[in-house]
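Novice: Need the complex rebuilt from these two chains, each delivered in its own frame; the hints are there to steer you.
What follows is the residue order along each chain.
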Amino acid sequence: GAVVSQHPSWVICKSGTSVKIECRSLDFQATTMFWYRQFPKQSLMLMATSNEGSKATYEQGVEKDKFLINHASLTLSTLTVTSAHPEDSSFYICSASSAIRLMNTEAFFGQGTRLTVV
Amino acid sequence: GQQLNQSPQSMFIQEGEDVSMNCTSSSIFNTWLWYKQDPGEGPVLLIALYKAGELTSNGRLTAQFGITRKDSFLNISASIPSDVGIYFCAGQVTGNQFYFGTGTSLTVIP
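Chains as they are written, first to last, in this note's numbering: chain A, 754 to 871; chain B, 2 to 111.
Everything hinted at is true.
With a straight-line cut-off of 30 Å between C-alpha atoms, the simulated DSS-like cross-links for lysine-lysine are:
{"#": "1", "chain 1": "A", "residue 1": "Lys-794", "chain 2": "A", "residue 2": "Lys-817"}
{"#": "2", "chain 1": "B", "residue 1": "Lys-37", "chain 2": "A", "residue 2": "Lys-794"}
{"#": "3", "chain 1": "A", "residue 1": "Lys-817", "chain 2": "A", "residue 2": "Lys-773"}
{"#": "4", "chain 1": "A", "residue 1": "Lys-794", "chain 2": "B", "residue 2": "Lys-71"}
{"#": "5", "chain 1": "A", "residue 1": "Lys-817", "chain 2": "A", "residue 2": "Lys-767"}
{"#": "6", "chain 1": "B", "residue 1": "Lys-37", "chain 2": "B", "residue 2": "Lys-71"}
{"#": "7", "chain 1": "A", "residue 1": "Lys-794", "chain 2": "A", "residue 2": "Lys-819"}
{"#": "8", "chain 1": "B", "residue 1": "Lys-37", "chain 2": "B", "residue 2": "Lys-52"}
{"#": "9", "chain 1": "B", "residue 1": "Lys-37", "chain 2": "A", "residue 2": "Lys-773"}
Simulated restraints on C-beta separations:
{"#": "10", "chain 1": "B", "residue 1": "Thr-108", "chain 2": "A", "residue 2": "Gln-782", "range": "34 to 40 Å"}
{"#": "11", "chain 1": "A", "residue 1": "Ser-826", "chain 2": "B", "residue 2": "Ser-27", "range": "34 to 40 Å"}
{"#": "12", "chain 1": "A", "residue 1": "Lys-794", "chain 2": "B", "residue 2": "Ser-83", "range": "16 to 22 Å"}
{"#": "13", "chain 1": "B", "residue 1": "Gly-17", "chain 2": "A", "residue 2": "Thr-770", "range": "46 to 52 Å"}
{"#": "14", "chain 1": "B", "residue 1": "Glu-42", "chain 2": "A", "residue 2": "Glu-840", "range": "21 to 27 Å"}
{"#": "15", "chain 1": "A", "residue 1": "Gly-806", "chain 2": "B", "residue 2": "Val-94", "range": "20 to 26 Å"}
{"#": "16", "chain 1": "A", "residue 1": "His-760", "chain 2": "B", "residue 2": "Lys-52", "range": "32 to 38 Å"}
Hints are computed from structural coordinates only; laboratory data are not their basis.
Beta carbons are placed, not taken as given, at the ideal position from N, Cα and C, and that holds for glycine.
Bound-form chain B, shown alone (with noise of 0.2 Å):
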């Protein structure tokens, strides 16, 4: 199946810093979702985004679909501790199927 490029692979971070990550794609997708996963479970859903250009927050994340929908872009502000885990993009065309990102790894260093 379809595979995202996401980046970075990985970040290690100071508590407080603010964390930026992207994931892009050959192909147009309609809808763009970020994930969390915390290690031995399943993703928990973090933001989705539904249109070209939507900007959409859920506290101190800021999430993009970008303009020519083969991207998506998810910051952190403020990072905390809890934050640590991988977060995944996925992406949607039609039909329900959902594609994921190769992950990335973050680390905050209290």
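Isolated chain A (complex conformation) (with noise of 0.2 Å):
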């Protein structure tokens, strides 16, 4: 299957800072990146869809202020948690689905990101 690399693995910050994850398609075109949350032994919950150089949306109840997310690229989407606060901390996953490879009704994840926030 396809390769997504998420960086970085996992992140201590202070409350009040500013996180920035990275998610990456290393061997095709993600035209589209998807954004998820899990707590322990919890689902992951769907937080937003990004479409490369378009704006994200959000589901309902997610912050677009806080979370924001750049897809500027066919191969790099960003999250950062802006003004992180230890509710913040959690597990965060992306994944990648392309159109371009016809891979459209598959999505590929990357190995998430552990957030901390103290």
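Specialist: Dropping the structure here:
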């Protein structure tokens, strides 16, 4: 399958600071990337969908000014958690799909980023 | 966003036993996917289903796309210890958006 790389794998930050998480598709062009949040022992909750060159579409209840998403190229999307607070601590996972490779009915995941805000 | 109902929530089985889990939705989906997630890792795609009624196998795994397009099933035959993990179903409607099931935690006892 296609390879999606997420960086960093884990990060600890102080409350009030911002954290950027990168999601890269290594061997295909990702026309669409998705960002999920996962709490311990729970399912993945879709936060937003981003298409290359367009503004992200956020799910209901997700603050777009809090979670800034940029999808500037076909291989990179970033999620910035702004003014992070302890309640933002979670496992963040990206996935990518590609209409170019006719993969738009499958999604491949990064390895996730464990964010801890202290 | 939407969430799919997945059952059972958890399973504890003996090595060698077969496993069945299912996923239901109030909405119709065009695609069903099944993923496995190990702790601290992202989900890994196991099987993708594209047509109602479709039955697809991947080794010891078999998944079916329900006729109503509102459900899907995953079976694992002759379970082994490395099958341990959390299994998620995911459904896609349109526009590339995927929604995930609540997950089934599988424990295999040697």
